[in-house]
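Asker: Here's the letter readout for the chains.
Number of protein chains: 2
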Amino acid sequence: MPPASPEKQVFTKYLEENGLRQTRHRMLILDSFIANEGHRSIEDIHDNVRKADSRIGYTTIYRTMKLLSDAGLAREVDLGDGMTRYEHLYNHKHHDHMICTECGRSIEFFNAQIEALQDAASEKLGFRVQDHRLQIYGLCGSCRS
Amino acid sequence: MPPASPEKQVFTKYLEENGLRQTRHRMLILDSFIANEGHRSIEDIHDNVRKADSRIGYTTIYRTMKLLSDAGLAREVDLGDGMTRYEHLYNHKHHDHMICTECGRSIEFFNAQIEALQDAASEKLGFRVQDHRLQIYGLCGSCRS
DNA sequence: CTGTGTGCAAATGGTTTGCAAAAAC
DNA sequence: GTTTTTGCAAACCATTTGCACACAG
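Order-wise, the sequence lines are chains F and S.
Quick note, the first sequence lines up with residues 1 to 145 if you use the working numbering.
Quick note, the second sequence lines up with residues 1 to 145 if you use the working numbering.
Any given hint might turn out to be false.
[Unchecked claim] Cut-off 16 Å, straight-line C-alpha distance, at most; resulting in silico cross-link-like pairs (EDC-like, lysine to aspartate or glutamate): (1) K93/S <-> E108/S; (2) K124/S <-> D70/F; (3) K124/F <-> E76/S; (4) K93/S <-> E76/S; (5) K93/F <-> D131/F; (6) K66/S <-> E43/S.
[Said to hold, decoys possible] Stretches of chain S that chain F covers, calculated by requiring three or more beta carbons in the stretch to come under 8 Å of a beta carbon on chain F: (7) 111 to 118; (8) 137 to 145.
Since the hints were made in silico from the structure, they are not lab data.
Where is the CB? At the ideal position from N, CA and C, for every residue including glycine.
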């Protein structure tokens, strides 16, 4: 048997520490989530997980994705399309998003200077930063022509 | 008669240009909106406008706030409390928000360097910026102690 | 008058919840 | 066997829409 993926180890540990059970459904959802990159909606994940077990319901996806977020494996992102999406957090650098208002595609980017300035600006206002989100809206390369 | 406020002039012009009518309800909503600063929900505005005319319904607030946004007088902000809020845009400098995860209060801030870096980072990725939103989550001065 | 604006109630759509049955331990 | 988890359906809640009536131009 191959060693469990680090994400699975993190999740298992999280479940144990919180007195939660390690169920087959939760593990299938984790499997599907780590096997697919991107900004995935509950519907996306549900469709994908159903290939492994067609009896898994929407509700369980909602509840499990919340657990994965708490466990630090997933991050909720709001791309402005009216539904919560989830992206990988484990071993993924923090980043922000540029969202094309024409085609809806989103580009991930990271800028260390912006990050540093945010911290500095916050500290100056007496604010202790926990997290932040930056979305830039505009036209992507293909749509601006 | 005092001259109409600049906001009223902008809105009137917007309505004319788009073949829309200048109704009493729309003007009352604009009055209420420009008379109160802050991040106001539909419910806030509705409660306030009803003091002037108790027959104005929720629906009209929704529809009119959308018009005010289109006219460039209001901006939708998402403070993560599950409802759309509106803030003034006319003669208000662009700014971003720090949101306290403890008390929910939000602080407005502006940092020219961050703005410039965003534009530069976008341009480098072939992105033409139209707008952007930055929310920093953390603990405000009163809550961090 | 003619056509737009409005209020009400009902519909919508993503998300949450109550509860009995199923699964984990 | 006891307790947690799950699926289903119903509830929720902010927002939108259909429609008959009210109002602006």
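Asker: Establish whether the coverage given for the segment 111 to 118 of chain S by chain F is satisfied; the threshold is a Cβ-Cβ distance below 8 Å, and no fewer than three residues must meet it.
Answerer: holds (count 5)
Asker: Holds or violated: are the alpha carbons of K66/S and E43/S at most 16 Å from each other?
Answerer: holds (15 Å)
Asker: What's the verdict on K93/S and E76/S, does the C-alpha distance respect the 16 Å limit or exceed it?
Answerer: Holds, because 15 Å separates the two Cα atoms, which is no more than 16 Å.
Asker: Taken at face value, is the distance from the CA of E76/S to the CA of K124/F at most 16 Å?
Answerer: With a Cα-Cα distance of about 26 Å, the restraint between K124/F and E76/S is violated, given a limit of 16 Å.
Asker: Against the 16 Å threshold, does the CA-CA distance of K124/S and D70/F hold or violate the hint?
Answerer: violated (34 Å)
Asker: Are the Cα positions of K93/S and E108/S separated by 16 Å at most?
Answerer: OK: K93/S and E108/S at ~10 Å, within 16 Å.
Asker: According to a criterion of three or more residues whose C-beta lies within less than 8 Å of a C-beta of chain F, is the segment 137 to 145 of chain S covered?
Answerer: Holds: 6 residues of the segment 137 to 145 of chain S have a Cβ under 8 Å from chain F.
Asker: Does K93/F pair with D131/F here, judged by a C-alpha cut-off of 16 Å?
Answerer: holds (13 Å)
Taken one by one, the earlier hints fail for this structure at numbers 2, 3, listed in ascending order.
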